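Chain by chain, the residues run as shown.
There are 4 protein chains.
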Amino acid sequence: MAEHRFVPQSYWNTIGSHAPALYVNSGDTVETTTVDARGWDKEGGQAAARGNPMTGPIHVAGAEPGDTLAIRFERIVPDREWAWASDVLSLGVVEPEYVSRLPEAQIRRWKVDAAAGYAELEEASTGYWAGRRLPLSPFLGCFGVAPSRGQAISTATSGEHGGNMDYRGFVAGVTAYFPVFAEGALLHLGDGHALQGDGEIAGTGLEISMSVRFSVRVLKGCKSGWPRGETPDHIFTVGNARPLDQALQHATTEMQRWLTEGYGMTMQEASQLLGQAVEYDVANVYNPAYSMVCKLSKRLLPDVPVMS
Amino acid sequence: MAEHRFVPQSYWNTIGSHAPALYVNSGDTVETTTVDARGWDKEGGQAAARGNPMTGPIHVAGAEPGDTLAIRFERIVPDREWAWASDVLSLGVVEPEYVSRLPEAQIRRWKVDAAAGYAELEEASTGYWAGRRLPLSPFLGCFGVAPSRGQAISTATSGEHGGNMDYRGFVAGVTAYFPVFAEGALLHLGDGHALQGDGEIAGTGLEISMSVRFSVRVLKGCKSGWPRGETPDHIFTVGNARPLDQALQHATTEMQRWLTEGYGMTMQEASQLLGQAVEYDVANVYNPAYSMVCKLSKRLLPDVPVMS
Amino acid sequence: MAEHRFVPQSYWNTIGSHAPALYVNSGDTVETTTVDARGWDKEGGQAAARGNPMTGPIHVAGAEPGDTLAIRFERIVPDREWAWASDVLSLGVVEPEYVSRLPEAQIRRWKVDAAAGYAELEEASTGYWAGRRLPLSPFLGCFGVAPSRGQAISTATSGEHGGNMDYRGFVAGVTAYFPVFAEGALLHLGDGHALQGDGEIAGTGLEISMSVRFSVRVLKGCKSGWPRGETPDHIFTVGNARPLDQALQHATTEMQRWLTEGYGMTMQEASQLLGQAVEYDVANVYNPAYSMVCKLSKRLLPDVPVMS
Amino acid sequence: MAEHRFVPQSYWNTIGSHAPALYVNSGDTVETTTVDARGWDKEGGQAAARGNPMTGPIHVAGAEPGDTLAIRFERIVPDREWAWASDVLSLGVVEPEYVSRLPEAQIRRWKVDAAAGYAELEEASTGYWAGRRLPLSPFLGCFGVAPSRGQAISTATSGEHGGNMDYRGFVAGVTAYFPVFAEGALLHLGDGHALQGDGEIAGTGLEISMSVRFSVRVLKGCKSGWPRGETPDHIFTVGNARPLDQALQHATTEMQRWLTEGYGMTMQEASQLLGQAVEYDVANVYNPAYSMVCKLSKRLLPDVPVMS
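Residue numbers (numbering that gives the first Met the number 0), protein chains in the order written: chain D, 0 to 307; chain P, 0 to 307; chain E, 0 to 307; chain Y, 0 to 307.
Simulated from the structure, these hints should not be mistaken for lab results.
Just so you know, not all the hints are guaranteed correct.
Far from chain P by the CB rule (all over 10 Å, computed), these chain Y residues [stated by the list, open to error]:
1) Phe5
2) Pro19
3) Tyr22
4) Thr32
5) Ala60
6) Leu90
7) Pro95
8) Glu96
9) Ser99
10) Arg108
11) Glu119
12) Glu260
13) Leu299
Sample of chain P residues facing chain Y (criterion: CB under 7 Å; computed from the structure) [to be verified]:
14) His58
15) Glu73
16) Leu90
17) Gly91
18) Pro95
19) Val98
No more than 25 Å apart at the CA atoms, straight line, and that leaves these computed lysine-lysine pairs for DSS-like [stated by the list, open to error]:
20) Lys297/E <-> Lys222/E
21) Lys110/Y <-> Lys297/E
22) Lys110/D <-> Lys41/D
23) Lys110/E <-> Lys110/Y
24) Lys110/E <-> Lys41/E
25) Lys110/Y <-> Lys41/Y
26) Lys297/D <-> Lys222/P
27) Lys41/P <-> Lys110/P
28) Lys110/D <-> Lys222/P
29) Lys222/P <-> Lys294/P
30) Lys222/P <-> Lys110/P
31) Lys297/P <-> Lys219/P
As the structure is a prediction and not an experimental result, all values here were calculated from the model.
For every residue, glycine included, the Cβ atom is placed at its ideal position computed from N, Cα and C.
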């Protein structure tokens with residue numbers, strides 16, 4: 000159960016079977032930093048190329064294809080005092096006829112006070128945003144493990160291996176689970192958001208560099224097909240695809256599998272439970288692959304360990 | 000502000016410009032009943048043809064195309080002690096490769112105790128459902144106003160006029176708003192569910208007949224493009240289309256219009272607010288048109304009356 | 000085998016169970032006219048309300064739910080010398096990022112010479128269109144039978160009953176087949192196009208009034224689920240839905256059913272044939288429901304009568 | 000203008016910035032072979048890992064990001080006498096309700112006579128396929144250039160870089176154009192099909208190893224965004240995405256750009272031309288990204304060189 004303080008020296012704009020930057024064991028804890036989506040670090044310097052540069056990869060000893068890797072976030076905290084964000088909706092989330100009604104998007108700066116826990120738009124002396132504060136809810140927009148077949152997949156998108164899911168539910172206290180496709184799993188992480196609504200519908204959250212702390216664990220022989228997760232209150236699955244209908248199919252199928260194969264429910268028991276109690280979160284409708292989250296309250300689960 | 004007790008004599012399986020069954024004024028309250036999706040009434044008799052038969056239509060004096068009709072639900076309570084529901088997921092919400100893994104769907108009966116506020120699956124002496132109770136959350140799955148152009152649209156589907164949205168958020172205490180397309184608005188309602196998860200992913204909620212009480216109000220000259228709503232905590236819009244992406248586009252565009260045209264925000268102010276604070280609910284992914292709900296917390300709204 | 004010359008007195012903007020305007024028998028031939036999509040007739044007068052006004056409905060004696068109605072087009076000829084069309088792509092067929100690059104669409108007039116068989120853009124003295132002629136290929140964009148459940152469906156869209164499919168393959172010499180949902184089938188027709196590319200991607204064809212001649216035939220007990228058709232060389236099926244993927248699913252399933260149930264092929268025989276020989280036409284990607292056509296060469300069919 | 004006979008020693012299951020296996024100059028001709036989708040070569044041996052293994056990559060001197068690479072196929076000929084194919088439709092091309100009607104897919108062998116130009120199903124002594132021959136139309140299902148950002152993308156899917164488009168129009172005599180993303184372009188090719196219908200709807204064509212001959216040319220400074228092509232009669236563009244609607248958006252936008260930027264047409268001239276004369280081919284609706292082809296007859300083009 001070692002603790003690693005890892006200072007990234009370089010970053011990747013793809014998630015793939017790159018040379019490990021850090022070797023850890025199952026159960027270890029890692030403390031590190033991530034730069035923002037444009038590669039700006041906590042000083043505001045250009046530490047990496049634009050496009051969700053990743054810290055890592057982190058090689059977790061013993062992880063092999065067919066296993067699942069668990070990442071528990073203990074802390075995700077902005078490590079600078081400003082973020083940036085787009086100020087106009089993404090063109091894909093409005094009706095085609097409305098697109099030319101939208102002004103051209105600009106990047107705006109937000110002041111971020113991590114200690115006090117709020118953000119406010121800079122240069123907003125009048126109008127709606129003057130003096131208005133939004134509470135922070137920091138999470139990582141993009142993280143995951145090396146994908147199958149030796150692929151190196153752009154951090155603009157996502158898949159079975161995770162990636163740019165931009166799910167605002169991945170906050171501290173949550174555990175994410177990924178199917179392992181490559182030896183050592185090869186965890187990559189970055190693209191911190193101090194805050195974001197459902198769907199990342201302006202194309203950005205409040206983009207910021209982060210200080211993060213998490214532990215990893217290899218679940219030997221535990222199979223999963225898509226990213227999964229666990230909060231204090233819920234279990235959830237993530238489907239990444241377009242259209243949203245297909246992302247929902249992946250997430251729902253993965254949840255039905257989890258309930259039947261992991262929790263021992265019959266097909267009908269699980270279907271009836273999901274039919275009357277499932278919750279969905281729209282994670283992102285901006286990236287090349289959209290992300291849909293399928294959630295279930297832990298209060299409704301059979302008394303069986305989660306992910307074993 | 001009259002009160003009407005309306006006992007339906009006949010039902011419609013389309014929402015259209017049918018002859019009014021009741022005439023009311025803006026501000027009036029109506030107390031009536033709805034049969035379930037198969038036309039079964041509170042005695043279990045076949046009171047109407049299968050397929051979401053509607054109580055109504057109710058003609059609201061003064062409502063004209065270009066206005067908005069507000070319906071505030073004061074009470075939605077099951078009026079019998081059993082519901083029915085499918086026991087297998089809808090085939091469209093799982094991966095095509097998983098479809099043949101699913102057993103054939105059957106209709107199962109649930110015991111419903113409206114006074115105590117719970118439901119439980121009948122004939123479940125062993126397994127997950129034995130002795131398990133789910134709390135009720137009754138709502139109407141299908142309601143809306145006569146659509147444009149003299150259309151009569153099947154209650155299997157939905158559109159700008161409302162219809163079979165199957166949104167579990169339409170509970171008592173919520174106000175729904177519909178664009179008026181025909182003189183008198185011509186409100187239809189039915190398809191009660193004692194409970195349902197997001198998306199209606201088993202193809203049914205707990206299907207049941209209802210006793211309902213609601214008031215109607217004509218908002219003269221108040222324009223809307225898609226169904227809207229208001230809870231104690233949120234405002235919301237509903238988009239109905241396929242794929243889910245397009246339903247989301249309608250709902251998001253309608254919300255952006257509401258914030259800019261109704262609340263006086265600039266395009267950028269509204270975009271930034273939605274970008275960092277919007278919430279989506281997947282209402283249904285089962286009907287011919289899927290339904291997506293775009294929500295915003297009232298705490299974040301400018302201090303302006305909702306819908307005026 | 001009577002011949003009917005039918006002069007429309009009124010038009011419908013929905014396809015539904017409206018009062019018949021003409022009664023005919025199976026095998027009869029009808030000669031009539033249609034106004035254009037804006038309701039303009041051969042004199043250019045406003046004969047009907049905008050939005051694909053329909054000639055009809057025509058009641059075909061003996062047609063009942065469960066039957067199929069065949070319509071064989073013998074002649075579809077423009078009956079005036081000009082058409083109109085949009086001059087910019089529909090916003091839904093380009094990438095969202097490209098939408099604001101497109102200029103605002105205008106309606107342009109085209110000169111149509113039905114005898115010589117060509118069209119040319121008016122007021123194009125310079126540039127690409129100066130002196131350029133396109134060969135005509137006249138067809139009806141919108142026609143179909145009364146839908147199920149007493150629905151009245153806008154002529155803007157389409158479904159199992161046909162409607163606004165805007166398929167440029169429905170030219171003279173082609174037979175269309177529709178499932179019958181209402182007594183007498185109740186055929187509606189209109190929305191003539193002198194010419195159109197695949198997909199109706201500018202949102203219009205060359206919109207024009209038409210003189211049409213066709214025969215109708217009731218195929219008793221012959222079941223179909225979606226519109227079908229037959230050219231001298233091919234059989235085809237039409238699926239109407241969004242997204243295009245779903246339209247394709249409907250069309251493909253209907254073709255597989257036709258081959259197995261109508262032509263007696265096994266599932267594998269039909270699948271292998273379609274897999275290596277199917278052709279698709281994108282009929283429309285503009286209307287609320289998109290339309291996809293699944294085609295198969297008659298040379299590849301077993302020696303069995305088409306539709307019996 | 001050298002001629003290269005290239006005998007592949009190894010194969011890739013991703014398309015990426017792998018070490019070049021062959022260096023050529025613009026204008027050179029290459030003669031080589033490809034193994035089939037399962038890695039079986041002309042002897043039927045397992046020459047490479049399953050999943051569309053690629054011959055290459057071929058480094059074309061001088062090709063840089065911002066250029067376009069042209070590949071003209073001079074010959075694509077099966078180099079063995081049998082192919083394999085699935086015998087049941089892909090589950091994603093039928094209605095979800097129809098999926099469980101389909102039998103389980105099996106792989107079947109076809110006899111292929113390249114000299115005589117036909118294929119026939121083996122072991123079909125009775126029924127539809129007994130004695131039936133289909134004419135060959137050989138093409139490569141998967142080929143393309145190294146994608147942007149150093150990505151290595153699975154040959155199961157496709158994108159701006161080409162890849163597994165499974166477009167049956169890529170026969171001998173056709174020129175394909177790809178945007179260059181990496182130095183040397185890095186052409187990969189494989190996945191030969193002796194025949195296939197539109198859409199690859201059974202999930203395979205007639206899968207076979209090939210002898211291929213083609214020339215490459217670097218178009219310096221010639222920009223393109225998506226794969227393009229040219230037959231003796233048409234020019235075309237390819238969009239790769241899901242749903243099919245989005246693939247169509249990419250292909251249509253790329254064609255509109257080509258007509259306006261390459262052929263000097265105005266937005267309206269190009270829109271009107273496409274509106275009344277465009278043709279679409281459904282290339283594949285089986286792979287993770289679907290492929291749609293947007294085509295235009297060369298007879299309708301201004302008198303300007305294609306791609307310069």
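Quiz prompt | Violating hint indices (sorted, rising) | solution = 6, 7, 8, 9, 14, 15, 23, 26, 28 and 30
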